[in-house]
Amino acid sequence: MPNATPGSLVAFADAAPAPLAPWAPGRLVALFRGDLTAALAAVTLVVIALAALLAPWIAPFDPAQTFDIAARTQPPSATHWLGTDQLSRDLLSRLLYGARLSLGISVLAVTVAMVIGTAWGAVAGYAGGWVDRVLMQVVDAGLAIPRILLLLGVVALWGTLSMPALVLVLGLTGWFTASRLVRAEVRATRERDFAVAARATGATPLRVLVRQVLPHALTTILVAATLGVGQVVIVEAGLSFLGYGVAPPAASWGSLIREGRALLGTAWWMSVFPGVGLAATVLAINVLGDRLRRVLGGQQLHAP
Amino acid sequence: MTMPSRPAAGEPLLRVHDLRTYFHVGGAVARAVDGVSFDIRAGETVGMVGESGCGKSVTALSLLRLVDPPGRIESGSRIEFEGRDLLALDEEGIRQIRGNRIAMVFQEPMTALNPVFTIGDQVAEVARVHSNASRKAAWERAIEMLNLVGIPDPRDRAKSYPHQLSGGMRQRVLIAMALVMNPSLLIADEPTTALDVTIQAQILELIGDLQQRLGLAVLLITHDLGVVAEVTSRVLVMYGGQIVERAPVRELFRDPRHPYTRGLLEAMPRLGRQRDRLAVIPGTVPPPTRWPSGCRFRDRCPFAWHRCVDEAPPEYPVAAEHSARCHLVDDPSRMKVASAAGHS
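Taken in order, these protein sequences are the chains called L and G.
Residue 177 in the numbering used here sits at position 177 of the first sequence, with consecutive numbering throughout.
Residue 427 in the numbering used here sits at position 123 of the second sequence, with consecutive numbering throughout.
Derived from the structure by calculation, the hints contain no laboratory data.
Ideal Cβ positions, reconstructed from N, Cα and C, are used throughout, including at glycine.
There could be a bad hint or two in this list.
[Unchecked claim] Covered, in the sense of this in silico footprint (three residues per stretch, anywhere, with C-beta under 8 Å from a C-beta of chain L), are these stretches of chain G:
hint: 1; region: 393–403
hint: 2; region: 416–422
hint: 3; region: 497–506
[Said to hold, decoys possible] A few chain G residues facing chain L, derived, Cβ under 8 Å:
hint: 4; residue: E412
hint: 5; residue: M572
hint: 6; residue: W595
Isolated chain L (complex conformation):
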């Protein structure tokens, strides 16, 4: 089981003011210069993302299509590159569609989480005082409960989840760390001279927050989102592995691993290929997230 706490908060690096706008293209180029690992991670991720996006066009078969009885649980062959499962479905096609599900769910869930986390942390950090205390106590409570437990609790209450519900649940349980990071960034930035100067020009608190302060939290949010996607891929896989994820016949990588688990001794390909896909994706995301943080000077976040 992957470590399910939603990212532990570690030491804060002393974030020096960025000399360049965070979105200046030059800084992203610097990310890969002379860094083979990062370049490899980026290529891996681009390939997987493209495969997921283009699954309907590049998959050799319909992932739900079954063949005759002789084609069941076949090892990789010229027709079925990654073999077939016990219902004779083509594993490569299922894997491609699975990537679509796994990554799609994760990206959407992280988007939900980042929107909530940013808003929550920004309000807490900017308002300060009792608002901050109350909002952060909610976050502390959220962080105190292991995410996977929270998820299992929700799933146990509702039974199987539709995909939008799954996205929502993953998003709603994944914003705590991000909100803390954004709060810290906002608190530090709101005291800086330009924020005070903006208040002196008559800008409303919301305007100061959105136009002056939040842009400085952008890199932090970006890094947190990147690492968050990796995390959610794993959490979603975990849920699906336990049978609480997407409903069959749709299958994310976690579901595929689950299906192959019983046949691990005889049909290794059924769980190994989705497992490799999962590991490669998460590894690539974590490497990239870490490099992003270094280049953009965001705060210290641990890869899950």
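Assemble chain G onto chain L, guided by the hints.
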């Protein structure tokens, strides 16, 4: 040097009466600004001088109600501006004043600009705060302002980020931001402190020039009497959260009455006055939670006698528009005694 400002046209633009801004921190009360009263007339440049910790900056922030908790403007304080009671306005009301009627220029031109936006964006942003000007119109206004404050090639320069500009240029940008809405009062808090001497002179000249052209009133806050001498018409000397002496600038230099003012003048380096060492005022400003009884300067004052311990000095009038918060004005004989006793 700028000409003395035009005469008062009726009511003063800004009237501050008994301003008290206290910070309530864990039972203690820091009386950072403690009973400050002054007027600024339209088009006039007033200097506010004092060491760090004397309450200058808090006074400036108080005028725009930008003091954050635990700081508080105490009841009984009054700030009237263009006939309105600023302390009675609601949040929206004071926002209409900030940046629009009263603008502020901060000390550090590096940190007062947002490093992630171009200077054009930042100047334009002020226009967009106060009017529903289109993005394009605000940008044009920004370029106009950058041109006004003497930034060469404003159309190109507007696309620069703050770190691409020199300190002097950045200070010009801050001034441009302050003047976008044609305010009637500019508060400049140590606008030249972070700059090289030659750039300082240019910025002061710019402020003086704009003040003349735009009929702007300026409250110039500084610890540097040299700056005050160059551009202001009247000076307020602050110490311990109070105004200890106020006078027209020439009179202040010719006839300073408060020992603190004298100390500041003697501490000024001057050409043609050979000295081994610059005079310094002994001691430091006491913490604002523990002002001494009586006169707040008495611990550092070479003339202090028992009256200074027993009795807080009121502002004694010296001449027209000149007063000093010192018992010596009331009892000048003490000064002669002390001077004869060998005070340099």
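Hint check results:
no. : hint    : in the structure
1   : 393–403 : holds (count 5)
2   : 416–422 : holds (count 6)
3   : 497–506 : violated (count 0)
4   : E412    : holds (6 Å)
5   : M572    : violated (28 Å)
6   : W595    : violated (27 Å)
In summary, the structure is inconsistent with hints 3, 5, 6 from the numbered list given earlier, while agreeing with the others.
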